[in-house]
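*Asks:* Here the structure of chain U is known, so what remains is to put chain A in place on it, guided by the hints.
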Amino acid sequence: MSSTFLRFLLIFLFTALVLRAEERVRPGQSVIRIESTAQVPNYAQPWAPGVITASVGSGFVITGNRILTNAHVVSHSRFLTVSKQGDPKPYPATVEHIAHDCDLAVLKVYNEKFFDNMEPMPIGGIPQLESTVSVYGYPIGGDRISVTRGVVSRIEFQAYSHTGADAHLVIQIDAAINPGNSGGPVIQDGKVIGVAFQGLMGGVAQNIGYIIPTPVILRFLHDIRDGSYDRYMDLAITYSNLNNPAARQALGLEDEDRGVLVSTVIGGGSADGYLQVGDVLLSIDGYPIASDGTVEFENENLLLSEIVERKFLGESVKLTVLRNGERLDLEVPLKAFPFQLSSRSYRDKPPFVAFAGLIFQPVDADLIQTLNPTAFRLRFLFNTFIPDGIYRERPELITLASVLPDPVNTYAGEFQFKVLSAINGTPIYKLADVAEVLRKPSDFYVFEFMDEGAPLVLERSAVEEATPRIAERYRLTQTQHLETPGN
Amino acid sequence: MKQNLILLFLILLPTLANAGTAPPPTIPAARPDPKAVLDYSRAVIRINCTAQFFDFQRPWTKKNPLTRRGLGAIIGPNEVLVSASLVAGATYIEFERPTSAERTPALIKHIDYEANLALLEAADPAFLQNTQNLVLDETARLGSIVEILQLETNGEVAPTTGRITTITMAPGVIDDSLSLLIFRVTAPVQQRDYSFVLPVVKDGRLLGMGVLYDSRNQTTDIIPPPIIRRFLQDAMEKTLHSFPRAGIRFTPLRNPQLRKYLQHTANEGVLITGVDPRSPAAVAGIQKNDILMAINGVAIDPDGSFQHPEYGRIHLSYLITTAHRAGETVRFSLLRSGKPLEVPVVVLRFLPEHQSVPRYWIDRQPIYLIAGGFIFQELTRSYLKEWGNDWSNQAPQRLVAADFFQKSLRPNGEKVVFLSGVIPTPGTIGYENLGGTIVESVDDQPIHSIAQLKEALTTTVPKIFKIRITDDPRLIFLNSVTIEQAKLILARNYGITQLSNIPTAVPPPSQPSKSSPSPIPPATPPNVEPHQSPQGPEKPSDSIDSPSPAEAT
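Protein chains in written order, with the working numbering: chain U, -10 to 476; chain A, 30 to 582.
Okay, chain U solo, but in the shape it has when bound:
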């Protein structure tokens, strides 16, 4: 009896597997190998075209004859080719939309024939914890497709390392995600449930891979429908948990576990003019906010930011706030985060102004990461720029990032990485001010920096003599690059 049952069960399971395999789309067909030749700008020589590098990543076909991949696979790309299983030919491609803040990009292939016999991969939902998923891609540069398997270990709000400043929903799986896997689909039941994008480096953790879940993917695809990407919406506040009994009592909170404290409202952000420091956020779009900042949303316990994350430019969010013991209902129109200096920009040309061998640049995450200045004032201002509202006075921090040595600037080395405060008595608040002031000839150019010290002084005659010499010696092909305001 029991042996018959067992035999039956075995057969049943086997058939089920076979059936399932037949049902499944053949991901191998729709998983793309992407070769990118990138040119990364050199912040130490912002006028120079940058170093050329090559890399391999993965992607997959989605509707509309498009390829979805990670932004970091195609960042700074100058030449892109895509290739598919069973076709040795590389097809030139181009980036149609790129979203650095959520590390996603959509590619177009010049020759639409590439998509012949290819099925767009259907996009699914959020997988269950502990369920099995498969990761497809071209890890470690190989030309044959590779598949690894893992289970869903955790679903949480996490940092996206591509910009170093963004955080969205992330699914953690225990399949290894290796370089080259990036951009590849993660599949469950024949549907894409995520895009492989980052892993955990370092000695402590093992087998931790992160994938971008479908809410983030779908939001990106929705955002670009109108032909442009508007970035993520952000309340531009910081808030703190309200677990302390004295705090709850002082703020007039009766129930046990609701509300978070608004700690910072960032100027120019969505909540500026709506929220105040000391307000208690009680609910968002009708979802009650727990004292740890989470909301019950789509059967998941998610951070309140997730509500804002799903919205688009032009939409608004409803907040219920307790201010000085009074309940207020606010409707806050949403915008993107007002500052981008703390996230890596992936701009192709760094902004700068060169003058007599002095290279002035705005301080941002790119400059900090590539030039790694140790000057305490500069680092402290950079780190407190947003939380302390430094931006209210100066929209940009301008520093003397480097000096191209020449007789004219013999004594300028000691000013490197100081923060510029004025030129010829005119206060400097942004890079455009530097260009503007230096356009006017002056007998002396007097650069004043924050913190004490003598000014850096250059004589007009010496500057005029040195300018062509420096341009020639250091191959200074351009004397300035100013970014046009806006995104």
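Worth flagging that the hints you see were computed from the coordinates, not collected in a lab. Just so you know, these numbers come straight off a predicted model, no measurement behind them. We put the CB at the ideal spot given by N, CA and C, even for glycine. Misleading hints may appear alongside valid ones.
[Claimed, not checked] Think about it this way: if two alpha-carbon atoms lie no more than 30 Å apart in a straight line, the pair counts; the simulated DSS-like pairs of lysine-lysine are: (1) U/Lys324 x U/Lys300; (2) A/Lys516 x A/Lys483; (3) A/Lys317 x U/Lys419; (4) U/Lys180 x U/Lys300; (5) A/Lys483 x U/Lys407; (6) U/Lys429 x U/Lys338; (7) A/Lys267 x A/Lys91; (8) U/Lys419 x A/Lys436; (9) U/Lys429 x A/Lys317; (10) U/Lys429 x U/Lys407; (11) A/Lys495 x U/Lys307; (12) A/Lys495 x A/Lys483; (13) A/Lys436 x A/Lys414; (14) A/Lys495 x U/Lys407; (15) U/Lys419 x A/Lys289; (16) A/Lys91 x U/Lys407.
[To be verified] Some, not all, of what chain A presents toward chain U, calculated at C-beta under 7 Å: (17) Thr302; (18) Pro306; (19) Phe506.
*Replies:* Frame of chain U, contents of chain A only:
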């Protein structure tokens, strides 16, 4: 200067074997030196020092005791010279005879953390009989051959011969804001016990105390006679009047384009870029952008150095810190808008307690208050140094900024009160991870000292205090009832019974700003003991005002 030499002679007087007439300033090497010590083993003594520092993270406790061993130089009857860093934090000091290993307790007679020198004495004066006193050398110059003294394990003197290769001003070991003269000797000093501080001699006389050894370059930094003489003068007078400062900061005038812009044609002088608020220079009217041309008639070069007749090119701070004592007048020759100006400056010693963020806090308990489990402290550089050599990058950046930018952030010397950590109690739920953040106000009243914080957190009726801090969550709340309840929890669960260390007399923070700038310290007459709080506390709190718990009174 002459007066100082006479004073110096008075100090040395008791140490001279046959003190009759004043000795000539230098003694020709050929003539036998009557004051030279021939047997160094009778002029040095082993020091065993057990030290225990306050734990700045847990200011109610001390860290584990540690032991340091060095060699002291015997310079007078029951007078042994060592470095201050050897005996800083001392709980117990012992003298040990080099050969017989006989030991006796010792006490600190005088200590100066800025000069990094300390004078010790045996509790039993008879212990140092049959020893020889070292007299200070006056002949050493660049290139002189000297001997660094160490002891073999059997007590025999093991000298290492070296040469003075550098004479310069170097930042202090304990207080790096003050640079003092050092002699740097190149010599391959061996690794031996009792080498935390080493006497250095030249031709039978004491050249100085070796305090810093750089093994890669095989150099030893030596505190030289000019510094030791000043220190001994203070020791005799029981004051801290040496090593005064003026409170100016300057920048070199090397750049010819800068000089041209300033219409300063002479290739000498430095540009004054900052005058410390309330400092002697500020009181004397020295201003930013003045050009400093000379000090007491000695010309300053565009790098900020002058030509010393014996030591060569030395940083100008020597002319203030070493050539003068607190209360003396130093003549500054300035150019202001091209016009010469002579400004007399009464220089003063800068005591760390008068700074917003004291430069060092040694042998004193940190000033702190535990309220409801929140640990509030007054910030000191010693606290920041708990993060190790790279403290300026490792310590909470908000606090480092409060130290680095104190002159502009708190020109009147207001203290920085910060939340250093949280001991979990029912009143701190939700705040367990806070720390490294500065307290701005309590119930909108600004906080500039722990004493003020304590007052602000005192109430007769139960209430909830709103504390504003510089970092998220920006607002924290503390119930007066839980402050009381927490006292019991802190005592019973954590064994913490000392919930505060607050000096009894603290000047109200508004006081210095009310009147016009007052110097640091507020007008110290030459014979007031600077370790005493200027307000004259009726009952000085245990260790705040005494330089060392080991000091005999």
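*Asks:* Each hint should be assessed against the structure and marked as holding or not.
*Replies:* Hint by hint, here is what the structure shows:
no.: 1; hint: U/Lys324 x U/Lys300; verdict: 10 Å, holds
no.: 2; hint: A/Lys516 x A/Lys483; verdict: 14 Å, holds
no.: 3; hint: A/Lys317 x U/Lys419; verdict: 27 Å, holds
no.: 4; hint: U/Lys180 x U/Lys300; verdict: 24 Å, holds
no.: 5; hint: A/Lys483 x U/Lys407; verdict: 39 Å, violated
no.: 6; hint: U/Lys429 x U/Lys338; verdict: 25 Å, holds
no.: 7; hint: A/Lys267 x A/Lys91; verdict: 28 Å, holds
no.: 8; hint: U/Lys419 x A/Lys436; verdict: 27 Å, holds
no.: 9; hint: U/Lys429 x A/Lys317; verdict: 28 Å, holds
no.: 10; hint: U/Lys429 x U/Lys407; verdict: 23 Å, holds
no.: 11; hint: A/Lys495 x U/Lys307; verdict: 28 Å, holds
no.: 12; hint: A/Lys495 x A/Lys483; verdict: 14 Å, holds
no.: 13; hint: A/Lys436 x A/Lys414; verdict: 20 Å, holds
no.: 14; hint: A/Lys495 x U/Lys407; verdict: 37 Å, violated
no.: 15; hint: U/Lys419 x A/Lys289; verdict: 29 Å, holds
no.: 16; hint: A/Lys91 x U/Lys407; verdict: 40 Å, violated
no.: 17; hint: Thr302; verdict: 5 Å, holds
no.: 18; hint: Pro306; verdict: 13 Å, violated
no.: 19; hint: Phe506; verdict: 4 Å, holds
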